[in-house]
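Sequence lines, in order, name chains A and B.
So the number in the numbering used here is just where the residue sits in the first sequence, counting from 1, plus 35.
So the number in the numbering used here is just where the residue sits in the second sequence, counting from 1, plus 65.
To be clear, the hints were calculated from the coordinates, so they are not data collected in a lab.
Keep in mind that the hints are not guaranteed to be accurate.
What the hints assert, rightly or not - Some chain B residues judged to face chain A by a derived CB distance under 7 Å, without partners named: (1) V576; (2) T579; (3) V580; (4) D581; (5) E621; (6) N624; (7) W626; (8) E627; (9) V628; (10) M630; (11) L631.
What the hints assert, rightly or not - Here are the simulated DSS-like pairs of lysine-lysine, each with C-alpha atoms no more than 30 Å apart in a straight line: (12) B:K573 to B:K695; (13) A:K266 to A:K285; (14) A:K347 to B:K601; (15) A:K187 to A:K165; (16) A:K262 to B:K635; (17) B:K106 to B:K87; (18) A:K124 to B:K635; (19) B:K412 to B:K299; (20) B:K589 to A:K124; (21) A:K238 to A:K288; (22) A:K346 to B:K601; (23) A:K243 to A:K81; (24) A:K80 to B:K589; (25) B:K606 to A:K80; (26) B:K87 to A:K80; (27) B:K606 to A:K81; (28) A:K350 to B:K606; (29) B:K635 to A:K357; (30) B:K635 to A:K347; (31) B:K601 to A:K80; (32) B:K492 to B:K482; (33) B:K463 to A:K80; (34) B:K514 to B:K298; (35) B:K385 to A:K266; (36) A:K81 to B:K578; (37) B:K531 to B:K492; (38) B:K606 to A:K243; (39) A:K124 to B:K578; (40) B:K769 to B:K601.
Cβ coordinates follow ideal geometry from the N, Cα and C atoms, glycine included.
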Amino acid sequence: MKKIIFASLVPNVGKTALTIALSKNTKKKIAYMKPLGDRMRYSHKKLWDYDADLIQSTLQLDLEPSDMTLGFEHAKLRYMYDENSLKDKFDSHFLEYEKEHDLLIMEGANYLTHGASIGMNSLRLAKLTKAELVIILKGNADTIMDELTFIKYNIVETGVNFKGVILNQIHDMDDIKSPEVCDTIKKLGIKVFGIIPYDSNLKTLLLKQIAEDLLATPLCAEHHVYKYITKIYIGSMSLNEVMKKEYLSKKDKLLIVSGDRSDIIVASIETEASGIILTNNIIPPNNIIAHANEKNIPLLLTRDDTFTVAKKIDKMEALLFKNDDEKFQVLSNLVRQHVDVRGLIG
Amino acid sequence: MSDIKYLFEPESICIIGASDKKNKIGYKIMENIKSGGYQGKVYPINPNLEEILGYKVYKNISDINEIDEIDIAVIAVPEPLVLNALKTCPSKKIKYVLVITSGFSEIGKNKEEKDLVDFAHQHNIRILGPNIFGHFVNKSNLNASFASGNIPKGNVALISQSGALGSALIGETGEENIGLSAIVPLGNKCDVDESDLIEYLKNDDSTKVILIYMEGVKNGEKLIPLLKETTMKKPVIIIKSGRSKKGAQAAASHTGSLSGSDEIFQSIMNQTGVHRPENVVQALQWAKFLANTPMPRGENTLIITNGGGVGVMAADACEKYGVHMYDNYNSLSEAFSQYVPEFGSVKNPIDVTGQVGIEGYEKCIEAAVNHPDIHAILCLGCEHALFQEEALKTTIEKIHNLYGHIKPIQYVFYGGKSIKNAARYLKAKGIPMYFDVYDAVSSLGELFKTYRYKQIRHQFESDDTKGIVINYAAISDILRGVENDKRQFLLANESRGLMEAAGISMPKSFVAKTVDEAIHYFNKINATVVMKIVSKDIVHKSDAGGVRLNIENEQELMNAWEVIMLNARKYNPQAVIRGIEICEQINLDTETIVGGRRDSSYGPMLMFGSGGIYVEILKDVAFRSNTFSKAEIHNMLKETKLYPLLLGVRGMGPKDIDAVVDVILRVALILKHFDQISDIEINPLVVYDKNCGARAVDARILIK
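One chain only, chain A, in its complex shape (with noise of 0.2 Å):
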């Protein structure tokens, strides 16, 4: 069974939805782990990693979420694992799915340096596993550049098993395209499998992932938060001035607003904003509640105040959800248009 981990220098940069989109372009049964969790989903007493339960459902793997994750934290994994018995466990897993899978993925920790103290990051894991190592980078030309660079000499001269990079959301493919960066790449002697350029209609969030890492309480229709947001906005002006702007006439919009300002939240609801957070922890009185539920509209509660959820928003990254149909078929149409998948993947 072939073996790949796919690794990162930095988070966030399309590990887990490039697996996705590469199981769509080839026929090969593919395995999965990722050992070293970042997005941890716990329920009754069982924990796992989100992209693993992802990748679970959307390759239809008869492996449970559970066990493709061996854990998240350096205090556990420490008291589980020394090198040898990570290895064995490894070697365990192996042996199980080289059963009935050609290749297995295995998704690197979060960012290069992830789980070094416990032998766990993507360098180590590489070797102990003897896995193909690709390195995910994306960014500019200059910080491809500079990371490519860093990789030659820091990464393919230690002697891991280094097969090559993917550039993956790329702003400027012509920029990357470059003459000079091409040389640079010829140079360093690096693979590259594949450019893939920047998509926006992957990085619109969608309201459930907002509410769940805000952990808000919903008020009010929490079976209509399956939907996208392209438009955030927050409530601090006066109605009369919010009339003035764009603002009502767009859809799936998202508000932050104080939960006492009424008037904002009906102009809202009334122009069928796709959601309402409702900040500091304040209710709205029960009939706008009531309102927005016949509406449809999830009304979101949260301790925060509106500037630390703004923030927050702000930060998050768009993440895959199950039976996202659409996002799916954009990156497999990516990857088959600008990833070599025979050369990676065989």
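Put chain B on the given structure of chain A with help from the hints.
Then chain B, alone, in the frame of chain A:
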């Protein structure tokens, strides 16, 4: 500080700001002093006058040569001159100063008012007011006020925090024919407060009832024990406004005092035996009745009526006000059959029927007075042809004179002009006559409350903490550590340590800093555990995802460890995490809440009620001022809706109430010994079956 007696029994008085102008307060006060017949020495002070109403006027206090000391001074000068006027008082060693003048803290001039108090205290002077109308003391014939000159004399003392209402109550009491032994307004209560006045009045033989109007309590710790002492001697009736939020806000602006939680105040009234009427009318009815009615020797009431309908109303009223109706049919039959027509009734209410006039009542009343098991009598009547106004007056007056001092007897007659005339006449004579049966029974209910309270009160004074062992030194150490850390709340392990030192059982628990420690402690506890984050930066553990329940094996424990740690770091990345508490999970049974807090108005308070996560929704709690009496604590428990559950319902056995009482006593002792503790809350305190104890699942403790 001076004996309060000087305020009530002064032998000399000076009036700074006395006036000869009839529209001035300074004149009115002089006029009332004179007309009231005060026999002590009077010294009006006014730099521009020689004489007022036959009294020699002095330009200054220092000009008074004939006497070295004056007991009280009344200051009735404009606000800017008050302090200077006060400064003249030490020269005559004045003990009490009544500051009539307004315009101090009630309008926000707190500094000016404080300056008065500071000066006064430096010179051993007490201040009544400011912002009062003066005061009246019957036994001294002293009316040093600008209120009415016609104050009826009697045995009810009136203390009022509202000048206007106090002044109006003088008129109201006159209308109700309630005589007053003293009227003392508190005004802004900058110095002398109700406790000082009650201290005197409780021992004053001329006062039979103390009636107080108050808007706020400043020093509950002083007031509460004093009320307990006083109500054993004479009834205390308190009208306290600020029951509603609006009322509380209005009170806040009225005299600059804020009312504390009304539920707590009501609990304290129950605890101290104070009567709390709904309104002024009720207060006056109760005052009059309680001042002039003999104490019953039991709790059985007999109703005598000439109409079934009004008898039923009376029975309803009795149920509402907790008045027990005597129900021994055989005894009633034996005593009353001979006086009741055959078609009447000798059940209680005794129905003498409309066939008898007021004379028919007389025999029944006499029989009731002589009946050893009847302790109070309520006579009801509906007007009919046989009722004559004059007969009503003479007969009831005669009955009252014969029997009114033996047992409580009340009268309620419904009818037209002649009945009303007779009723007014009898009321004016001080006979307990009412225009509605509910008014009568409400007064009777208060009388019985006093009776009951006196019967059992001694039980509430006991100190039942003997034998309770608490490790005060260990608690001191814990609190010192918290203070050194500049925190105001105890961490979970500290709360646990305090509970253990107090002898309050909590589940076994340890704080693990690493996974292997957690596993070690899990195995040590050897039971299902709960895991909770321990961090001074994370107070609401559940909100932070820092709590996991039902951990039954090592794998689950390790998973939970990961979850808790990562959630905590996500919730507050800067949080200093001391570890994870591994805590024995206990079986839930009846969840209660036990609390203790240091209330800013009332001092140390205890609380008990239905506990768990819905405590703020159910709000089924009762309060007490800090007590060490098991009987008092039991009484507190009985005030909750939870109590019947503790006794056992629907086939379920009783719970271990003794264990609950023991925990509350321990909390009371902790509050007493540690001033720095502002709040203790045990929620839930899980109570098991009788003899199986109670366990505190969680405790939150705050320090000042």
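Each hint, compared with the structure:
{"no.": "1", "hint": "V576", "verdict": "14 Å, violated"}
{"no.": "2", "hint": "T579", "verdict": "6 Å, holds"}
{"no.": "3", "hint": "V580", "verdict": "4 Å, holds"}
{"no.": "4", "hint": "D581", "verdict": "6 Å, holds"}
{"no.": "5", "hint": "E621", "verdict": "5 Å, holds"}
{"no.": "6", "hint": "N624", "verdict": "4 Å, holds"}
{"no.": "7", "hint": "W626", "verdict": "6 Å, holds"}
{"no.": "8", "hint": "E627", "verdict": "4 Å, holds"}
{"no.": "9", "hint": "V628", "verdict": "5 Å, holds"}
{"no.": "10", "hint": "M630", "verdict": "5 Å, holds"}
{"no.": "11", "hint": "L631", "verdict": "6 Å, holds"}
{"no.": "12", "hint": "B:K573 to B:K695", "verdict": "28 Å, holds"}
{"no.": "13", "hint": "A:K266 to A:K285", "verdict": "8 Å, holds"}
{"no.": "14", "hint": "A:K347 to B:K601", "verdict": "24 Å, holds"}
{"no.": "15", "hint": "A:K187 to A:K165", "verdict": "19 Å, holds"}
{"no.": "16", "hint": "A:K262 to B:K635", "verdict": "25 Å, holds"}
{"no.": "17", "hint": "B:K106 to B:K87", "verdict": "22 Å, holds"}
{"no.": "18", "hint": "A:K124 to B:K635", "verdict": "29 Å, holds"}
{"no.": "19", "hint": "B:K412 to B:K299", "verdict": "34 Å, violated"}
{"no.": "20", "hint": "B:K589 to A:K124", "verdict": "29 Å, holds"}
{"no.": "21", "hint": "A:K238 to A:K288", "verdict": "15 Å, holds"}
{"no.": "22", "hint": "A:K346 to B:K601", "verdict": "25 Å, holds"}
{"no.": "23", "hint": "A:K243 to A:K81", "verdict": "22 Å, holds"}
{"no.": "24", "hint": "A:K80 to B:K589", "verdict": "21 Å, holds"}
{"no.": "25", "hint": "B:K606 to A:K80", "verdict": "18 Å, holds"}
{"no.": "26", "hint": "B:K87 to A:K80", "verdict": "87 Å, violated"}
{"no.": "27", "hint": "B:K606 to A:K81", "verdict": "20 Å, holds"}
{"no.": "28", "hint": "A:K350 to B:K606", "verdict": "25 Å, holds"}
{"no.": "29", "hint": "B:K635 to A:K357", "verdict": "24 Å, holds"}
{"no.": "30", "hint": "B:K635 to A:K347", "verdict": "11 Å, holds"}
{"no.": "31", "hint": "B:K601 to A:K80", "verdict": "26 Å, holds"}
{"no.": "32", "hint": "B:K492 to B:K482", "verdict": "15 Å, holds"}
{"no.": "33", "hint": "B:K463 to A:K80", "verdict": "84 Å, violated"}
{"no.": "34", "hint": "B:K514 to B:K298", "verdict": "14 Å, holds"}
{"no.": "35", "hint": "B:K385 to A:K266", "verdict": "62 Å, violated"}
{"no.": "36", "hint": "A:K81 to B:K578", "verdict": "22 Å, holds"}
{"no.": "37", "hint": "B:K531 to B:K492", "verdict": "52 Å, violated"}
{"no.": "38", "hint": "B:K606 to A:K243", "verdict": "24 Å, holds"}
{"no.": "39", "hint": "A:K124 to B:K578", "verdict": "26 Å, holds"}
{"no.": "40", "hint": "B:K769 to B:K601", "verdict": "16 Å, holds"}
Consistency note: the structure conflicts with the earlier hints numbered 1, 19, 26, 33, 35, 37.
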